[in-house]
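Engineer: The chain contents come next:
Protein chains: 2
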Amino acid sequence: MRIALCQLNYKVGDLDGNYSKILKAYNQAVADKADLVLFSELALCGYPPQDLLDYPHFIDKCYQTLVALAKNTGETAMIVGCPMQSELKHGKKLFNSAVVISNGKIEQVFSKTLLPNYNIFDEYRYFEPNDVFNVWEFNGLKIAITICEDLWDLDDPTLYKTSPMSQLIQLGPDLLINISGSPFSYKHIENRRELMRINAQKYNLSLFYVNQVGANTDIIFDGGSMFITNEGVIAEECEYFEEDFKVIEWQPNKEYTSHSHNYKNDDIALIYNALKLGLTDYFSKSDFATATIGLSGGLDSAVVTALIAEAIGVENIFPLLLPSKFSSNHSIDDSIQLCKNLNLSYDIIPIQDAVNTFETILRPLFKGTKSGVAEENLQARTRGNILMALSNKFGHILLNTTNKSEAAVGYGTLYGDMCGGISVLGDVYKTQVYKLAEYINRNGEIIPKNILIKPPSAELSHGQLDSDSLPDYNVLDAILYQYIENQLGPKEIIDLGFDSKLVFKIINMVDRNEYKRIQMPPILRVSDKAFGIGRKMPVVGKIN
Amino acid sequence: MRIALCQLNYKVGDLDGNYSKILKAYNQAVADKADLVLFSELALCGYPPQDLLDYPHFIDKCYQTLVALAKNTGETAMIVGCPMQSELKHGKKLFNSAVVISNGKIEQVFSKTLLPNYNIFDEYRYFEPNDVFNVWEFNGLKIAITICEDLWDLDDPTLYKTSPMSQLIQLGPDLLINISGSPFSYKHIENRRELMRINAQKYNLSLFYVNQVGANTDIIFDGGSMFITNEGVIAEECEYFEEDFKVIEWQPNKEYTSHSHNYKNDDIALIYNALKLGLTDYFSKSDFATATIGLSGGLDSAVVTALIAEAIGVENIFPLLLPSKFSSNHSIDDSIQLCKNLNLSYDIIPIQDAVNTFETILRPLFKGTKSGVAEENLQARTRGNILMALSNKFGHILLNTTNKSEAAVGYGTLYGDMCGGISVLGDVYKTQVYKLAEYINRNGEIIPKNILIKPPSAELSHGQLDSDSLPDYNVLDAILYQYIENQLGPKEIIDLGFDSKLVFKIINMVDRNEYKRIQMPPILRVSDKAFGIGRKMPVVGKIN
Chain A
1 MRIALCQLNY KVGDLDGNYS KILKAYNQAV ADKADLVLFS ELALCGYPPQ
51 DLLDYPHFID KCYQTLVALA KNTGETAMIV GCPMQSELKH GKKLFNSAVV
101 ISNGKIEQVF SKTLLPNYNI FDEYRYFEPN DVFNVWEFNG LKIAITICED
151 LWDLDDPTLY KTSPMSQLIQ LGPDLLINIS GSPFSYKHIE NRRELMRINA
201 QKYNLSLFYV NQVGANTDII FDGGSMFITN EGVIAEECEY FEEDFKVIEW
251 QPNKEYTSHS HNYKNDDIAL IYNALKLGLT DYFSKSDFAT ATIGLSGGLD
301 SAVVTALIAE AIGVENIFPL LLPSKFSSNH SIDDSIQLCK NLNLSYDIIP
351 IQDAVNTFET ILRPLFKGTK SGVAEENLQA RTRGNILMAL SNKFGHILLN
401 TTNKSEAAVG YGTLYGDMCG GISVLGDVYK TQVYKLAEYI NRNGEIIPKN
451 ILIKPPSAEL SHGQLDSDSL PDYNVLDAIL YQYIENQLGP KEIIDLGFDS
501 KLVFKIINMV DRNEYKRIQM PPILRVSDKA FGIGRKMPVV GKIN
Chain B
1 MRIALCQLNY KVGDLDGNYS KILKAYNQAV ADKADLVLFS ELALCGYPPQ
51 DLLDYPHFID KCYQTLVALA KNTGETAMIV GCPMQSELKH GKKLFNSAVV
101 ISNGKIEQVF SKTLLPNYNI FDEYRYFEPN DVFNVWEFNG LKIAITICED
151 LWDLDDPTLY KTSPMSQLIQ LGPDLLINIS GSPFSYKHIE NRRELMRINA
201 QKYNLSLFYV NQVGANTDII FDGGSMFITN EGVIAEECEY FEEDFKVIEW
251 QPNKEYTSHS HNYKNDDIAL IYNALKLGLT DYFSKSDFAT ATIGLSGGLD
301 SAVVTALIAE AIGVENIFPL LLPSKFSSNH SIDDSIQLCK NLNLSYDIIP
351 IQDAVNTFET ILRPLFKGTK SGVAEENLQA RTRGNILMAL SNKFGHILLN
401 TTNKSEAAVG YGTLYGDMCG GISVLGDVYK TQVYKLAEYI NRNGEIIPKN
451 ILIKPPSAEL SHGQLDSDSL PDYNVLDAIL YQYIENQLGP KEIIDLGFDS
501 KLVFKIINMV DRNEYKRIQM PPILRVSDKA FGIGRKMPVV GKIN
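Protein chains in written order, with the numbering used here: chain A, 1 to 544; chain B, 1 to 544.
These are calculated hints, taken from the structure and not from any lab test.
It cannot be assumed that every hint is accurate.
If several chains are the same, the list does not tell them apart, and a pair holds so long as it fits within one copy or across any two.
To be verified - Subject to a maximum C-alpha distance of 25 Å in a straight line, what follows is the list of computed DSS-like cross-link-like pairs (lysine-lysine): (1) Lys61 x Lys536; (2) Lys529 x Lys491; (3) Lys542 x Lys71; (4) Lys542 x Lys21; (5) Lys93 x Lys161; (6) Lys340 x Lys254; (7) Lys24 x Lys61; (8) Lys33 x Lys142; (9) Lys61 x Lys491; (10) Lys61 x Lys529; (11) Lys89 x Lys161; (12) Lys501 x Lys61; (13) Lys202 x Lys89; (14) Lys71 x Lys105; (15) Lys542 x Lys61; (16) Lys542 x Lys24; (17) Lys93 x Lys529; (18) Lys61 x Lys505; (19) Lys529 x Lys105.
With the hints as constraints, model all of the structure from the sequences given.
Structural biologist: Next comes the structure, spelled out in structure tokens:
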């Protein structure tokens with residue numbers, strides 16, 4: 001039997017566009033003499049469709065598109081992910097389904113049992129869990145069809161009371177399929193490969209696993225679809241971070257050798273590729289072609305500029321240098337050098353006149369007060385205004401350059417440097433941003449060396465350094481990681497050997513800056529726990 | 001038997017504060033010779049605790065606080081809501097529980113079966129549904145204890161496959177209790193009263209219903225705890241929008257007359273009270289005392305000012321008038337009149353110098369372009385900067401004045417008039433804002449009449465009116481309501497009699513402005529479908 005893995009990049013809600021992509025890949029698979037063609041979870045509507053699923057007219061349109069797709073099928077069967085209306089009297093109105101279509105019609109529907117509802121997932125918001133277990137009989141074989149999380153209950157204890165595979169295995173399947181919408185995180189790829197290998201071995205079944213690729217706003221999907229033998233050998237693996245298509249000649253008892261894709265199992269390279277894909281898709285899927293960014297001479301804006309240059313091309317980038325009286329010469333020189341290295345044109349708009357005007361205007365109200373955060377933020381917001389003016393005038397997307405360490409402790413100005421359509425580094429700790437810069441420079445200097453070695457500074461007052469108000473980034477990031485990713489409490493973090501006063505200080509900074517983060521742009525997610533939709537903390541409340 | 005309904009205002013996460021409140025009310029109930037004292041759902045941690053529940057140290061602290069509370073109880077029993085660790089091998093780690101404590105210890109735990117996971121609710125993110133049904137035996141009575149949604153499955157078909165009451169009723173209970181965290185919406189009070197009455201009648205049981213009151217960030221709880229007889233008579237009803245405490249002498253066969261609270265069943269009065277409570281609690285629970293606001297001379301800022309004056313007192317409000325060259329005289333006069341009516345001091349800061357400086361600075365980049373949205377937004381952002389400078393300097397919270405109609409169609413400037421710590425009117429359509437203004441003026445002019453009768457304008461260019469780019473607000477709001485609250489698609493809305501071109505235009509505006517709304521401050525929720533955590537739409541995606 002010939003089975004095609006179609007790893008495509010879907011746009012959420014774009015039923016016509018997704019339909020065309022799916023049909024094209026199906027037709028190619030037919031031409032390649034495939035018997036069965038696999039597409040990923042909710043491929044037809046793109047994953048995650050979010051509250052589009054609450055709209056009955058959208059569900060109708062999904063079904064009509066599915067029927068139209070079915071009309072284009074012949075003997076070669078297709079399995080495609082689609083939301084399907086429940087016909088049960090009770091329970092939620094939808095299932096997250098894998099629909100088998102062939103010979104012009106919908107043949108059979110299999111639905112997801114384990115609905116993830118943690119972190120960025122909220123599938124129980126929309127779907128009823130399936131509790132009817134069948135195999136699909138095709139070409140004399142019994143095929144077990146599962147959807148993503150259905151194979152993720154190998155932990156003991158598990159989050160779920162039902163195990164779909166322990167039901168399905170009793171029906172004696174010959175083959176296991178999993179259609180998936182499994183998002184990227186830099187720790188997730190290796191977990192996913194391992195978990196799928198264990199499934200194949202545990203159930204002694206060949207496993208065809210197909211994932212989606214591409215970003216939908218902040219959530220990035222890395223692909224990595226696989227064919228794994230019943231011995232747990234990854235015999236075929238699709239590319240990461242790009243569309244791919246593979247037809248596999250499968251015979252039950254054939255021996256396969258490992259052909260797993262030689263992807264770079266390196267956190268920083270993975271993050272780099274994920275962010276690049278996230279940016280490319282943010283622009284292409286929102287029909288914006290050009291970007292603007294404020295170059296501060298610091299690390300974050302330099303890394304974002306290098307990334308966006310890779311993603312959409314230097315000709316589409318319109319950076320601004322926005323020096324104030326506190327900007328050091330090296331900030332300007334370093335930014336200019338960055339642009340030269342990237343072959344990027346730029347403009348310089350000194351902001352001091354605008355800042356002075358604000359200070360004059362505000363003098364009557366500020367009389368008798370000491371210059372401080374309000375004055376510092378005025379500079380950042382003046383820059384924000386100018387960048388947004390450019391964005392509004394020419395239709396550029398402003399890129400946000402806030403990194404995860406800053407976002408965590410609130411070291412940034414709301415409506416100032418926290419502006420932007422998309423946050424590129426909001427899920428990348430400062431220590432990781434340094435490594436990203438080194439990675440970007442792996443084949444020669446793109447980010448000027450001086451940016452890498454000078455001490456970080458917001459340059460909002462004379463001689464200001466990040467280290468004036470923050471601990472060393474190595475320490476800061478280590479504490480943040482324990483608090484945010486590992487969800488440890490202050491006592492547990494102190495028990496790891498960190499200074500007690502510092503731990504409380506940092507955790508309190510994280511807690512009380514939720515009000516800023518909640519107004520941040522969507523953050524490209526690369527870690528297991530990003531700020532944004534996957535971390536919902538009270539804005540007003542007492543957290544620790 | 002004497003039963004106390006304790007309707008308290010909890011702060012999310014503030015275990016010590018909530019503990020003290022609960023204990024004080026319990027002691028008062030003991031002094032009042034109560035046998036049983038009821039507190040609301042998740043009272044100990046406040047509702048909704050969100051991802052605090054993901055932190056094991058927080059769950060431990062909840063348990064320790066519960067144990068400490070138990071130590072303070074005697075013969076009078078208490079039922080209090082608290083997250084409780086599951087002891088099951090599989091499933092989520094927590095239950096949403098009603099814990100019975102008395103005589104110094106935890107006596108019995110009852111947990112929630114129906115976990116709402118739609119709109120603003122995401123309880124399945126944290127909790128395992130209960131599937132073990134028991135009654136609590138107390139003073140010779142069998143008491144059925146349910147939690148909020150457990151009584152909300154009267155629809156046919158229902159969202160759920162299990163019905164807790166159809167299980168519990170088989171155990172022959174004598175009395176029904178429901179502890180609840182049921183948020184306000186202006187349509188919800190009457191639904192809730194009716195539904196609880198139907199439950200009491202259907203199961204022929206007296207029902208003691210206790211809700212929380214007060215706002216946690218954007219979610220407002222209105223209280224309205226009740227004692228309903230088995231014949232469906234509301235025999236006692238707590239106040240709305242404030243803490244309340246009632247001890248009820250209950251006898252199984254006693255006749256009770258209706259004593260339901262004579263609350264104003266009027267949408268606008270309800271919204272007014274809810275917003276006032278939302279504001280009061282936003283300030284008190286976040287430990288901020290003072291507010292600033294930009295007075296445009298328009299309706300929205302006037303209504304917000306009147307509301308905040310009621311909520312935190314005029315002495316704590318520092319409004320700014322920020323006229324530009326496009327501001328009409330009446331804008332300034334009307335704002336001054338508003339301040340006079342409220343006995344409110346204000347400052348005037350003309351923004352034109354700053355706008356001119358920006359235009360000068362930007363001239364080289366904008367050369368050859370026509371003045372338009374970029375220039376208009378510069379004015380709004382200049383105002384935003386000044387207001388935020390005041391906020392940063394003096395620790396005032398900036399109030400956002402965007403209304404729901406504007407938020408829906410993106411008629412507002414990101415980082416300009418969309419700034420603020422909390423959005424007061426973001427869930428109130430413009431047509432409702434007019435009615436709010438009339439309500440505010442019910443005992444005499446607070447909002448100057450001219451503000452109510454002049455045509456709405458953002459005054460960002462000469463002679464600009466909202467009606468230049470938007471349809472009449474009556475039509476706009478009616479279409480928005482069908483799309484947002486009723487989740488109809490374009491064809492269904494057109495079928496209601498609206499102009500086809502207009503419907504598509506408006507829906508497209510709603511869809512493509514998700515990128516602005518996602519960066520809005522938290523929005524006080526007063527409707528069944530507010531922007532914010534209850535409506536998760538793709539930012540990048542094709543929606544219609």
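Engineer: It remains to establish, for every hint, whether it holds in the given structure.
Structural biologist: We went through each hint and held it up to the structure:
{"no.": "1", "hint": "Lys61 x Lys536", "verdict": "between (32 Å within a copy, 19 Å between copies)"}
{"no.": "2", "hint": "Lys529 x Lys491", "verdict": "within (21 Å within a copy, 40 Å between copies)"}
{"no.": "3", "hint": "Lys542 x Lys71", "verdict": "between (57 Å within a copy, 24 Å between copies)"}
{"no.": "4", "hint": "Lys542 x Lys21", "verdict": "between (49 Å within a copy, 15 Å between copies)"}
{"no.": "5", "hint": "Lys93 x Lys161", "verdict": "both (22 Å within a copy, 12 Å between copies)"}
{"no.": "6", "hint": "Lys340 x Lys254", "verdict": "neither (56 Å within a copy, 88 Å between copies)"}
{"no.": "7", "hint": "Lys24 x Lys61", "verdict": "within (20 Å within a copy, 56 Å between copies)"}
{"no.": "8", "hint": "Lys33 x Lys142", "verdict": "within (21 Å within a copy, 68 Å between copies)"}
{"no.": "9", "hint": "Lys61 x Lys491", "verdict": "between (52 Å within a copy, 12 Å between copies)"}
{"no.": "10", "hint": "Lys61 x Lys529", "verdict": "between (34 Å within a copy, 23 Å between copies)"}
{"no.": "11", "hint": "Lys89 x Lys161", "verdict": "both (23 Å within a copy, 9 Å between copies)"}
{"no.": "12", "hint": "Lys501 x Lys61", "verdict": "between (57 Å within a copy, 20 Å between copies)"}
{"no.": "13", "hint": "Lys202 x Lys89", "verdict": "between (36 Å within a copy, 21 Å between copies)"}
{"no.": "14", "hint": "Lys71 x Lys105", "verdict": "within (6 Å within a copy, 66 Å between copies)"}
{"no.": "15", "hint": "Lys542 x Lys61", "verdict": "between (45 Å within a copy, 13 Å between copies)"}
{"no.": "16", "hint": "Lys542 x Lys24", "verdict": "between (54 Å within a copy, 20 Å between copies)"}
{"no.": "17", "hint": "Lys93 x Lys529", "verdict": "between (30 Å within a copy, 19 Å between copies)"}
{"no.": "18", "hint": "Lys61 x Lys505", "verdict": "between (52 Å within a copy, 20 Å between copies)"}
{"no.": "19", "hint": "Lys529 x Lys105", "verdict": "neither (41 Å within a copy, 38 Å between copies)"}
Figure legend: structure checked against the earlier numbered hints; hints not met, in rising order: 6 and 19.
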